[in-house]
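Peer 1: Numbering (the working numbering), first residue to last: 159 to 556.
If you're looking for bench data, these hints aren't it; they were derived computationally from the structure.
Where hints are given, some of them may not hold.
[What the hints assert, rightly or not] Quick list of the computed label-pair ranges, beta carbon to beta carbon: (1) Lys356 x Ala274: 28 to 38 Å; (2) Asp269 x Asp237: 46 to 56 Å; (3) Arg324 x Gln498: 26 to 36 Å; (4) Asn556 x Gln241: 20 to 30 Å; (5) Ala339 x Pro419: 43 to 53 Å; (6) Gly235 x Pro419: 24 to 34 Å.
Quick caveat, the model's predicted, so the values are computed rather than measured.
Note that the Cβ used here is the ideal one computed from N, Cα and C, for glycine as well.
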Amino acid sequence: MPSLLLELLLILGVGVTLLELRHRLRPSSPLRLKALDYKVKQSKSALDIELWLEISNPHPRMEVMVPELKIEPVLLGKDDLSQLNVSTKITPHHPDESAEPCSQSENSRKDGYWTAYIVKGHKSTRVQVTVQLQSNESIDIQTTTDSIWIDVNWVNYGPFGRLKCRQGVLVPMRRPEPLIASQVSFHSGDGCEVLPIKTHLLGTLDNTVDVLSHYAKAHLRPGDVLTIGETPVAVMQGRYLHPSTVVPGWLARLLCRAFHPTSSLATACGLQTLIDLVGPTRVLIAWTAGLALKVVGINGGFYRLAGEQARLIDDITGTTPPYDQTIVLGPLNPTKICEQAAAELGVSVAIVDVNDLGRVKVLASSHGCDEALLKRALRPNPAGNANERTPLVLVRPN
């Protein structure tokens with residue numbers, strides 16, 4: 159009997175080791191793409207957007223090629239935008255191009271063609287993306303267009319093979335003005351008053367503390383608590399990915415079937431995203447133990463064992479467009495963000511997860527925050543779960 163148990167444990171150990179090795183050795187590229195800055199120039203009939211992207215390679219030795227890079231702009235607004243004419247151009251600004259003013263590097267062709275480029279270890283390059291919108295006199299671009307989603311489709315080529323990558327960057331073209339005193343109208347709550355605060359559609363070009371300060375600072379009083387949803391914070395950190403870039407393995411395809419259909423882990427890509435974060439062994443152990451606990455009447459075991467991100471992942475359709483087509487992870491360092499914002503604003507700050515079913519989870523808060531007050535105030539979900547664009551809620555105790 160002891161020898162049989164030993165053999166079983168040995169088989170289990172080998173199986174787990176193989177599972178982890180296969181996960182850790184899966185094809186992946188070290189390249190990272192992020193948006194740096196943008197400019198928007200508007201007139202009544204034309205609009206020019208200039209967006210700068212950076213492609214960096216943190217690997218010390220590996221050289222990775224970018225043989226293809228294309229962009230697809232998607233216009234967002236409240237009206238029909240089909241009559242707008244859209245033109246795009248990509249201009250690489252590689253650090254190793256000739257500095258001679260009369261020379262023209264093959265990597266910066268005037269026709270906008272992307273020439274394959276090698277990003278060496280610990281190096282980076284920049285790309286200038288230009289999008290021009292033009293309309294006839296019957297369409298006012300300034301009032302009809304709200305934001306533009308720059309969908310970047312690029313290829314990474316190296317020792318790992320050929321990987322197709324896809325990443326979207328949101329560029330806001332209009333921002334609502336911060337509320338003035340005459341526009342402030344608090345709603346009555348349970349021992350408090352609440353004020354939902356509208357913002358522009360947030361993205362990676364925004365900073366959480368700056369957004370809180372810009373839209374809410376003028377209305378804050380001592381004792382107030384300012385909250386922001388966890389999904390907008392994650393979006394501003396760039397913690398979202400397109401499902402086409404997720405390759406579900408057999409473990410994700412098998413285990414996802416056991417989750418409730420409304421769970422963000424009930425799809426192969428949703429669960430694979432969690433596996434990529436915490437590893438297959440932890441997910442398998444959490445799933446097995448969670449199932450055993452459920453049999454004896456204890457629910458939620460999987461989420462406690464799999465870690466915080468298991469609860470925070472939002473699968474597609476779970477967020478505001480255009481992020482409804484992406485998988486959004488939970489934010490990083492939420493407590494640090496709350497403390498930084500509280501120091502800047504002089505009031506308590508919290509990052510929360512609220513839904514229409516009355517569920518309120520305070521993901522993180524600054525020191526001294528009254529979380530019991532927040533749960534009472536946010537239970538009716540004053541921010542809404544649709545497209546209200548009110549990710550900030552100011553809570554004021556009576």
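Peer 1: What are the numbers of the hints that this structure violates, sorted from low to high?
Peer 2: Going through the list in order, the structure violates hints 1, 2 and 4 and respects the others.
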